[in-house]
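Chains as they are written, first to last, in this note's numbering: chain S, 1 to 480; chain F, 1001 to 1480; chain X, 2001 to 2480; chain R, 3001 to 3122; chain V, 4001 to 4122; chain L, 5001 to 5122.
Hints are computed from structural coordinates only; laboratory data are not their basis.
Ideal Cβ placement from N, Cα and C applies to all residues, glycine included.
Hints are not guaranteed to be accurate.
What the hints assert, rightly or not - Quick look at which bits of chain F chain L covers, simulated, 3 or more residues with Cβ under 8 Å:
hint, segment
1, 1331-1345
2, 1351-1365
Unchecked claim - Anything over 12 Å on all C-beta distances counts as not near chain F; from chain R, calculated:
hint, residue
3, 3024
4, 3025
5, 3033
What the hints assert, rightly or not - One-sided and incomplete, this derived list gives chain R residues near chain V with beta-carbon spacing under 8 Å:
hint, residue
6, 3021
7, 3034
8, 3058
9, 3074
10, 3086
11, 3092
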Amino acid sequence: MRRSLLVRGLFVGLLAALLVPRSALAQADPKTAQALTDELNNTWVIVAAFLVMFMQAGFLLLELGFTRGKNVGTMVAKILVNFSVASVMWWICGFAIAFGGDAVIAGDSGFLVGFGDTVAGAPFDGAGATFFFFQFAFAAVSLAIVWGTTLERIKFVAYPIYGIVFAGLIYPLIAHWGFGGGLFAEIGNGVQDFAGSTVVHLTGATGALAALLLLGPRKGKFGPDGKPRAIPGHSMPLFGLGVLILWLGWFGFNPGSTLNTDGSRFAEVVVVTNLAAAAGVIGASLTVFFRTKTLDVGMCGNGAIAALVAITAPSGYVEFWAAPIIGLIAGVLVVFSVYAIDKLIDDPVGALSAHGMAGIWGTLSCGIFSSPRLTTLNGVGDAGLVYSGSLKQLGVQAAGVGLAFVTVFVLSYATFFLIKVTVGLRVSEEDEEAGLDISEHGMYGYPEQFIPSAELVSYGAAPQLSATQASATKSTEVNA
Amino acid sequence: MRRSLLVRGLFVGLLAALLVPRSALAQADPKTAQALTDELNNTWVIVAAFLVMFMQAGFLLLELGFTRGKNVGTMVAKILVNFSVASVMWWICGFAIAFGGDAVIAGDSGFLVGFGDTVAGAPFDGAGATFFFFQFAFAAVSLAIVWGTTLERIKFVAYPIYGIVFAGLIYPLIAHWGFGGGLFAEIGNGVQDFAGSTVVHLTGATGALAALLLLGPRKGKFGPDGKPRAIPGHSMPLFGLGVLILWLGWFGFNPGSTLNTDGSRFAEVVVVTNLAAAAGVIGASLTVFFRTKTLDVGMCGNGAIAALVAITAPSGYVEFWAAPIIGLIAGVLVVFSVYAIDKLIDDPVGALSAHGMAGIWGTLSCGIFSSPRLTTLNGVGDAGLVYSGSLKQLGVQAAGVGLAFVTVFVLSYATFFLIKVTVGLRVSEEDEEAGLDISEHGMYGYPEQFIPSAELVSYGAAPQLSATQASATKSTEVNA
Amino acid sequence: MRRSLLVRGLFVGLLAALLVPRSALAQADPKTAQALTDELNNTWVIVAAFLVMFMQAGFLLLELGFTRGKNVGTMVAKILVNFSVASVMWWICGFAIAFGGDAVIAGDSGFLVGFGDTVAGAPFDGAGATFFFFQFAFAAVSLAIVWGTTLERIKFVAYPIYGIVFAGLIYPLIAHWGFGGGLFAEIGNGVQDFAGSTVVHLTGATGALAALLLLGPRKGKFGPDGKPRAIPGHSMPLFGLGVLILWLGWFGFNPGSTLNTDGSRFAEVVVVTNLAAAAGVIGASLTVFFRTKTLDVGMCGNGAIAALVAITAPSGYVEFWAAPIIGLIAGVLVVFSVYAIDKLIDDPVGALSAHGMAGIWGTLSCGIFSSPRLTTLNGVGDAGLVYSGSLKQLGVQAAGVGLAFVTVFVLSYATFFLIKVTVGLRVSEEDEEAGLDISEHGMYGYPEQFIPSAELVSYGAAPQLSATQASATKSTEVNA
Amino acid sequence: MKKIEAYIRHEAFEPIRLELLGLGFPSLTISEVKGSGRQKGITERYRGAELTNYLRPKVKLECVVAEADVQTIVDTILKHGRTGAVGDGKVFVCPVDEAYRVRTGEAGEEILQAHPDGAPTG
Amino acid sequence: MKKIEAYIRHEAFEPIRLELLGLGFPSLTISEVKGSGRQKGITERYRGAELTNYLRPKVKLECVVAEADVQTIVDTILKHGRTGAVGDGKVFVCPVDEAYRVRTGEAGEEILQAHPDGAPTG
Amino acid sequence: MKKIEAYIRHEAFEPIRLELLGLGFPSLTISEVKGSGRQKGITERYRGAELTNYLRPKVKLECVVAEADVQTIVDTILKHGRTGAVGDGKVFVCPVDEAYRVRTGEAGEEILQAHPDGAPTG
Ligand SMILES: Nc1ncnc2c1ncn2[C@@H]1O[C@H](COP(=O)(O)OP(=O)(O)O)[C@@H](O)[C@H]1O
Ligand SMILES: Nc1ncnc2c1ncn2[C@@H]1O[C@H](COP(=O)(O)OP(=O)(O)O)[C@@H](O)[C@H]1O
Ligand SMILES: Nc1ncnc2c1ncn2[C@@H]1O[C@H](COP(=O)(O)OP(=O)(O)O)[C@@H](O)[C@H]1O
């Protein structure tokens, strides 16, 4: 197949080179069924990967919304630097550890992978590249989740350092166990985690917990009385856009995890994912409304995220009817979880609740709702409690959760501890007060909010005076 | 075919389960032409559906841009809750009513649909799920359009209530008539509405009109003199991003309505859609500029939306050359329409003009421009006036418009009327003044805009003081 | 093939018309291998085109972030009007000049193209429409790049005028030379520019340079001492979102330029593109940090853009390992370039550096890193220095860069010069002070930032008073 | 000369401005302030935690006039500023020693006059 | 009557407000100001260029009280306002001739009292 | 002691600040205000409707100085504040009874001096 591909590639390549209009290319000779099969699968998976990559924008906006205006620029630098560090580390070793063979603990091929290399016994080609990038996008999501608990006080330098360890070792290990044919396949008939409630979301949230324990709360979060106080984020609009982008991204995240278009099964996963998310919003909204008589906007969004996280593991294992139930429970759960956690520690975006608690619930829910049809189709684990009447799979799921949590927590805590004792984990109290934008990046993320316009005016910043002339030139003068 | 699919599914499933790297899956055995055909069609349609789903973000941003800063959080909660309610209602009964068989009035199968169920005589599978979600995304768009006229004064509770009725009954009825083989197929040789200028946009705008008539204008919109006054929206940037996202989403909306990739016809629809939108921006910009000597930013955007709405019905029926004409007229129309309507009632985002008037114009335009080639290809209705010289199709189109408008208006007015006399439709004058964010959601969407920073500072919010130390630590001190 | 397509189309069309649920369409008769091949290629390319179109939002946000709050509405109007003018011009003549045949200088068929027309000897159909739109999206990107240097002082009227010339003549010429089988194919064995580091980005940046030279710096950019002063942009969050959207868009830009799915090669391009971008962020971040001890947020983003621009030409010609090198150099380069340029002229967003310098570097880098495998596959040019040890291809690349630069600069300078001497290129000093929103569009983009709320209140704008009653109605009263 | 400083509700300002304008007192300055008095605070809720806001937004109106005009101004403010509910605000009168018009450099009470005559805008 | 005008740090305000409240002086007004004094400017960096910021954000506290209460207020401000670092600010006392309560139209010093008694909110 | 209150154009501030600094008067406070006077309003257009804006943004400059220095300050403001067009603004001088430096608690005119000597920043 490689050679025929090369030949065809060459032929098309030449045409492409001469670049006669695409319409002429319509004469390109027909592809083989094998090629069409592979290329259709890969086209679907790469598009799904793009949606997952776009989730970075969702996480950025969600965190921005929950942040104060003095700490917004640093979020932008953070997401760019983290995503970049993860990209490089995934290529260097992350991918190899995760998918370079199906040994129990870790893979061993595909370091610094290049075209034609042998990875897990197969030559690395376009299909490999598709898979490489799709799985990288998951690693990047997991890393993005980590930082939700650390907003507004962590030192920037901590990002790349932990990012290197996380994308190069921690996540790849868990990904290998859960997605790469490793450890999780050995437990019972296998831990069911279709798209990563545990592998991706719990892993991220666990890193977030480790970071938070070493960081402590933001200045002013807890009053002298020890009571938590509201530190409202600066922009619900940015938050809302973030939630919608994440919701969209999840249509790549879960359905893309079919890794192919067989039987258009991806669409079933789409419907399951959407029903759960919807139920999550409804569950969270009703819960928060009945508890406080006001509809907290952030909670509506957290409900969506929590439900999407929860449905991630079962999305390929449950029938439609189970989705709203799983989502609804996640939505209710996240509200109580946020309220409970907020009393003890400072998790500005609710990452521990929306990704941690919901990730655990979602993984366990497979043990309850996985249908025989889909369990057989995936060939992983056994049907859930409601079908089998047995707690077996629930136990298997719990084991997976426990394994992932302990491993990630230990490795993450160690890493953050080292960062803390070496370069330091938290900025000075003054810098925290000043905001990370001005103290770490030399400029506010919203300069016009913080710099007196009378000083900016000499730089031509203030529209003030000229509103006068503007009137003269463009607007009707009205006698005052 | 189902069984072979199952077998293959199983096989691939197992591989997927062992999760050897994707590259190995390149060995997956080739799919049948039948499977490739179905899966390619479905892959295209599901991607289009994602784009349509993303339009929710576009509507959110567009409305946010046209709203004052004190009413932004509620928009976010609204879009999440509405989309969620619609998701669940569509599954419960909306889909069944719309597409559960081609009886004249409504479908009757597919309630609470699940895999394998028989819907309209066919087993519900991946293809069904693709169609289910694609059509749901349209329902959600239609619902989102409704609220444009109600900003800044409607009670939150009205959203879910009307949402349930709209997504569960009103929209499904019209969708059945227009897309589901119902009523519209009976008029003449069928009403031409390729992607829903009437079914989706006019339906939404009609609901918006009903709501507005019962709501009345925002406090301060009309002066004591009865003259309309400007209530400028708070953010053109959010508005602009919203327009671009909607524009992008329309590439799923219209081209996806081919429901398959046959002859790559979707690309013709893409070009037609884009040419119309472009002409709409140009038409609206020139019109507003020559009328006011200034280029109203919102109008440029409304021009794009109006043209996109207008081209929605004809996008699959007209040749390239007709698109700019249809779009240009829509662009000119929307400006005059907004100006006229603004004198009488308060439609903050111009939904009545951009979705209502433009939707009507677009539907009628088929009666003028539909080409014989495409009419035959679609097998719906007859060629338009310019080709046939006959007004017949124009009449058929008008009938469709009338039917949809009357039905939706009656049902919507009744629903909103019941809401008004029971839970109430409009917030108190004080709450309207205070803004819906603080009064209905307990917190501003932009807290830093409304809460004195001297009070936030005790919570560590104000960068003020510390700018001082920041200087000490990070910035060059300059003697004052 | 046309007829079989028609037949099938007709059949499917009829079904679609009756609109029985999609699931029934699963019975659609299987497509031929030829049809599947074409349609799969086109599906991939059209999706890629959507991503490229979405880059418009990225450019809007990036420019908004770097602009002051008084000039944001005009950016929105600008992007809509430019994109629209380009859409129409591309259809009228741009496409024809660029791809209407492979004569050396320009194409000659496809003006006002319509379905069935003969373009470059082939009938224009769905495949043609796919190619038409994909290439249009590139033209629109190139035009968007032009304006980065002109923010906050250019007259709005200059946009559509130059836009007409650029999308109708300037870009099409270069696109014909580089992508359309023209001039560049004649130099050596062809200039290697896979997705347009030169054709798209350098072209845009060159137009930007011409505009800037005739416009001059913003008021207040250079102090009396001639030293450049900071004019901080108003929103890093909008900037950051823009960068991520552009990053996403580039996954359509480069990988889509394969123009087909053969061997899933697009995925290799995805990986190459992502590795380069990541290295760019890292390179720029480290450079700016070591130069200023603070991590300039804008520079992290510029690093990503510069690297993406640089990898655009080589993305289809280099192996994975070369990508991080090319990107890293681009990242370092952009920082020094921005600093150097900022001393002389006023380029608010760094377009000259990120698109110009990086575009040149990227094009030249092919001459260094192009691999024999991919050069053969593409059938353009020769392998680069590191493989061939020869400077030949480097020379060819340089020639391409020179040709494009000179042509675009001359044509653009002439156009802007004519604009300047006729309608004028720059707004009055008063209007610049007042901001373009109020002076050219009659309203601020952020009204609440500039209009005293005591005046808006009579229009019901200020939440102030009512916060009082709100408390009465919704919030716990606390004794003061 | 006296300076009148009034802390009033936002919605009171427009009618006051209009009447003063009619009375020949176009010249005044306002600013956004936050005040506390007998009016109560409001409590916001956010993710389960609370934030109480004791300061309410008010408009501060400053207007320097000749001794003779003080009562007119004060009465106008009192007239339109009153809702009868706590939070209507206060008006204070303070002494002013001297006044200058920047545009001309003139000093003294006469610069406080309204000059109905047109003048180049800017 | 006297008006006390204090330019203080943001974080000084809350304790001052609380103590004044306790002492029976709930009524005051604050506004955001930018001040320059002996405190130094800070330099921001942006894309290689610099921007120096000589003005620092401060809170301006205004409170009109009876002659007799001036010292109490001033002492409270001085007590909580001090960090000992440059930039703590200044307090000024100015004369006030007359005062009116908008809600009632009453005039005179008595309107400055706190009235512990409840009153309809608004 | 006197307090100088000036309502000026934004672009007038920077030169004034610099000259005062040179003259040994670094201490001053500014705030954003909106003023109306003889200057005219501007009309904004939005979706066909209009919104007229009668208040123009100005900078309010406050500076308390010793009696002896008043004229210097006023002259500096008049010098740089003048464009000759309506809207240049006004300068008022009011009496101040007492002044305190929060940092030290010192009172009296001497606290108004500039102290060229360095001091720990904060
Ligand atoms: N003594 C004072 N000093 C300064 N500002 C005051 C004083 N008294 C009232 N204010 C201002 O007036 C506003 C309304 O006063 P408040 O006491 O709430 O209403 P009322 O005067 O009707 O009792 C306060 O928010 C504050 O801004
Ligand atoms: N003479 C003055 N007139 C007006 N405002 C002043 C005056 N002196 C100080 N301020 C205000 O007080 C603030 C702190 O004063 P500064 O001189 O920096 O501190 P310190 O008084 O500790 O030396 C200044 O930012 C300014 O707002
Ligand atoms: N009597 C006054 N009281 C308070 N502020 C005033 C007074 N007169 C002028 N101002 C302020 O000065 C600004 C400019 O005054 P204006 O009358 O427009 O200019 P000019 O003094 O040149 O006629 C006004 O916007 C207002 O803020």
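Hints versus structure:
1. 1331-1345: With 3 residues closer than 8 Å to chain L, the segment 1331-1345 of chain F meets the three-residue bar; holds.
2. 1351-1365: violated (count 0)
3. 3024: It holds; residue 3024 of chain R is separated from chain F by about 24 Å at its closest Cβ, greater than 12 Å.
4. 3025: holds (23 Å)
5. 3033: Label violated. Min Cβ-Cβ 9 Å, cutoff 12 Å.
6. 3021: violated (20 Å)
7. 3034: Where the cut-off is 8 Å and the nearest Cβ of chain V is about 6 Å from residue 3034 of chain R, the hint holds.
8. 3058: With a closest approach of 7 Å, the residue 3058 of chain R hint holds.
9. 3074: At about 6 Å, which falls below the 8 Å cut-off, the nearest Cβ of chain V leaves the hint on residue 3074 of chain R intact, so it holds.
10. 3086: holds (5 Å)
11. 3092: holds (5 Å)
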